[in-house]
Every structure is written in C-alpha cells, then in structure tokens.
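Enquirer: Let's have the full structure, built from the sequences with the hints guiding it.
Note that our numbering has the sequence shown beginning at 207, numbered continuously upward.
These aren't lab readings, by the way, just hints derived from the structure by calculation. The model shown is predicted, which means the values in this text are computed figures rather than measured ones. A couple of the hints might just be wrong.
[Unchecked claim] Lysine-lysine pairs mimicking DSS-like chemistry, simulated, CA-CA at most 25 Å apart:
(1) K333 to K300
(2) K300 to K314
(3) K240 to K257
(4) K257 to K278
(5) K481 to K370
(6) K240 to K314
(7) K370 to K488
(8) K464 to K437
[Claimed, not checked] Distance windows between CB atoms, simulated:
(9) D484 to G317: 33 to 43 Å
(10) K437 to S271: 50 to 60 Å
(11) P275 to A384: 51 to 61 Å
(12) Q443 to L268: 29 to 39 Å
(13) P438 to V262: 42 to 52 Å
(14) R247 to G366: 15 to 25 Å
(15) E350 to N436: 32 to 42 Å
(16) R264 to D450: 43 to 53 Å
(17) G411 to F493: 31 to 41 Å
(18) T215 to K437: 23 to 33 Å
(19) Q331 to R440: 39 to 49 Å
(20) K437 to P275: 50 to 60 Å
Just so it is clear, CB atoms sit at the ideal spot from N, CA and C, and this is done for glycine as well.
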Amino acid sequence: MRDSHSSDTGPVLTVGSTGDLGGRVLRELLTRGKTVRALVRPGSDISRFPKDRVEVVRGDLLDPSSLEPAMKGVSAVVTTAIGYSHRRETDSLKVDTEGNRNLIDSAKRMGVPRFVLLSILTCDQAKDVPHFWAKKLAEDRLQELGVPYVALRPGAFLGGPWVKAALEQGQVMAMTPAGVPVTYIAPDEVARAVALAVDAPRALGLKVDLGSDRALSGPELIELLSTLMNKPLRPAQMQGRGGDADMVAMFRYFQTGKYVADTRQQQELFGPVPKIEDEARKMLAEFGLLPP
Numbered sequence: 207m208r209d210s211h212s213s214d215t216g217p218v219l220t221v222g223s224t225g226d227l228g229g230r231v232l233r234e235l236l237t238r239g240k241t242v243r244a245l246v247r248p249g250s251d252i253s254r255f256p257k258d259r260v261e262v263v264r265g266d267l268l269d270p271s272s273l274e275p276a277m278k279g280v281s282a283v284v285t286t287a288i289g290y291s292h293r294r295e296t297d298s299l300k301v302d303t304e305g306n307r308n309l310i311d312s313a314k315r316m317g318v319p320r321f322v323l324l325s326i327l328t329c330d331q332a333k334d335v336p337h338f339w340a341k342k343l344a345e346d347r348l349q350e351l352g353v354p355y356v357a358l359r360p361g362a363f364l365g366g367p368w369v370k371a372a373l374e375q376g377q378v379m380a381m382t383p384a385g386v387p388v389t390y391i392a393p394d395e396v397a398r399a400v401a402l403a404v405d406a407p408r409a410l411g412l413k414v415d416l417g418s419d420r421a422l423s424g425p426e427l428i429e430l431l432s433t434l435m436n437k438p439l440r441p442a443q444m445q446g447r448g449g450d451a452d453m454v455a456m457f458r459y460f461q462t463g464k465y466v467a468d469t470r471q472q473q474e475l476f477g478p479v480p481k482i483e484d485e486a487r488k489m490l491a492e493f494g495l496l497p498p
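Expert: Right under this line is the structure:
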C-alpha cells in the first residue's frame, strides 16, 4: 500500500552517492533534471556533491530507524551502496546483506513507488561468491515484499581505481584465459542506465543485464588496450586482495564462462549497446592514458 508521504514527483533518494559509481549516478540524475536527496553516513565526505543541488540526509543502512525518514515523499530509491569493497575499515558484507534488507523493508513500509537496485550480472548463478549472492537475495526480497523494482545487473567495470593502478604499471586486470569471455561495461554507462531506470515504464519488475557489444577473454582485453595505448601490456596477478575469500571466489567464478550479459533488454530499454572499443577508449581518456 502506498504511503501518503510518497510522491511520483518527489526527489530521488540515492544511497551510495559518495562512492565512485554512486557519484556518477548522482550527477547523471541531476543532468536529467531530477531532484536528488542523498542518504549518507555520518562523517562521509560530501565535498564532491554539487552545492545547493543535493539535499543531504544522514543515515546508515545498518540503522533501520534512519531510513524511513529519508524516504518521505520520494519518487524512487536508487542504491549503489556496497560494503564488500571495504572502502571504510568498518565496511563488511553485512552492508550488502542486512543493510540491503533494511533498505528494502523500509521502502515497503513507506510505499516507495520504485526501487532501483544496482545488482550484479548472473548473481543468481554464483552462490559461492558471497557479494554476488547478496545481490540475488536482495532481488528476492524485493519480489517477496512486492516492492516495485528494477534490478540492473552490470558486468565487470571497465574503470575504477584497481584498473587504473594496474594500467599505470603496464598491467591489465585480465580475469580469464583465452576462450573464456567476460562482459565489461564502463561505469558511466551503468550510471546512465540507473538514471534512466528511475522512469522507464517497461523496466518495472525486470532484471536487466548491462554490458557492451561483446564479451572479451583476458588476452583479448590485453590486446585491445595495448592497441589503444600503443604499448605492450602484461596481465596483472589476480589473486584477490590480500587473499580475500570473497574476491578469490569471484575470480574463480569468472573462469566458468557464465559472466556474460544478454544485452537485448538493455538495448530495448536504454538504447544502443555501447561498443567495447568505445568504452575502452573513454576509460583510457579518463585515466589520462590515451595517446594523442
């Protein structure tokens, strides 16, 4: 039942906006003329938020009492928040499990008209990868409670600090051997899809794969980036950060060949699927690594 405080013309509540992807989503929503309210944890750095254009409310996914007040009058909730990346020392997978559940339960109680979840490609096939499976459980919770939702399932990000650090050392985070493809997508393309999903009428109730026009094996990714950078590159060691069991399980899952997107729905809902060459070129330009 819709809460009397909910509004189809109200602000979009963003969760996770202080992260790299979340920041891109916030900016994309503002570019598209949306009013944005950002839920941020106490002590978070909001200096990158455009001044006077974002309403900031303090709260925490692990503090359920802080969530419902933030949802009053919203037209949608968009979450890119994660804990498994350990961006803060106190972060953990608990954010992805208990935190997402708290957010979804609060959205149900408040009658939020639309909940856009940033999920993960083929998460429902990866029970052995904890943070993948946490996204699958969040999707299940949305369905179980009947919250109007859109779940977006991007492939591996062609961007971010890990990728940049490796490239600056002449290395590529090539996650699979020859013959085993992986879907890649640029963070900006994910942010664009998230912002469009707030309004897309045909997206409700769907789990939408997001990717580029074709998947690449590790050697194919190295060849592409080497060509664009006009320099030889070598594969980086992929052992998981510090032996993190979650990351190790993810790298093992990539070897199955299941991490490949079906982009037909993506094209129908959000327009032409980007070419992997264009995505790679944009990434290198953003990193300052594209030769003139």
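Enquirer: Evaluate each hint against the coordinates.
Expert: Hint check:
For the proposed pair K333 and K300, the alpha carbon gap of about 16 Å is at most 25 Å, so the pair holds. Taking the CA atoms of K300 and K314, the gap is near 20 Å; set against the 25 Å cutoff, the hint holds. Note on K240 and K257: the hinted pairing holds, with a Cα-Cα distance of about 15 Å set against a maximum of 25 Å. Proximity of K257 to K278 is assessed by CA-CA distance (about 22 Å); at most 25 Å being required, the pair is judged to hold.
The straight-line distance between the Cα atoms of K481 and K370 is roughly 20 Å, inside the 25 Å bound, and the hint therefore holds. As the CA atoms of K240 and K314 are separated by approximately 22 Å, the hinted pair is consistent with the 25 Å bound. With a CA separation close to 13 Å, the supplied pair K370 and K488 stays within the 25 Å bound. Between K464 and K437 the CA atoms are separated by roughly 31 Å; this puts the pair beyond 25 Å, and the hint is violated.
Here the CB-CB span from D484 to G317 is close to 40 Å, well matched to the stated 33 to 43 Å. In this structure, K437 and S271 meet the distance hint of 50 to 60 Å, their C-beta atoms being roughly 53 Å apart. Checked against the given bound of 51 to 61 Å, the beta carbons of P275 and A384, roughly 53 Å apart, stay inside it. Remark: the range hint 29 to 39 Å for Q443 to L268 is upheld by a beta-carbon distance near 34 Å.
Against the hinted window of 42 to 52 Å, the Cβ-Cβ separation of P438 and V262 comes to about 46 Å, which satisfies the hint. Our hint of 15 to 25 Å for R247 and G366 holds, since their Cβ atoms are close to 21 Å apart. Separation of E350 from N436 is about 52 Å and departs from the stated range, judged on CB atoms against 32 to 42 Å. Taking the beta carbon of each, R264 and D450 are about 29 Å apart, not inside 43 to 53 Å as hinted.
The hint said 31 to 41 Å for the Cβ distance between G411 and F493, and at roughly 37 Å that hint holds. Taken as a hint, the range 23 to 33 Å is violated for the pair T215 and K437, whose Cβ atoms sit roughly 51 Å apart. The given range of 39 to 49 Å is broken by Q331 and R440, whose C-beta atoms sit roughly 31 Å from each other. Evaluation of the 50 to 60 Å hint for K437 and P275 yields a pass: the beta carbon distance comes to about 52 Å.
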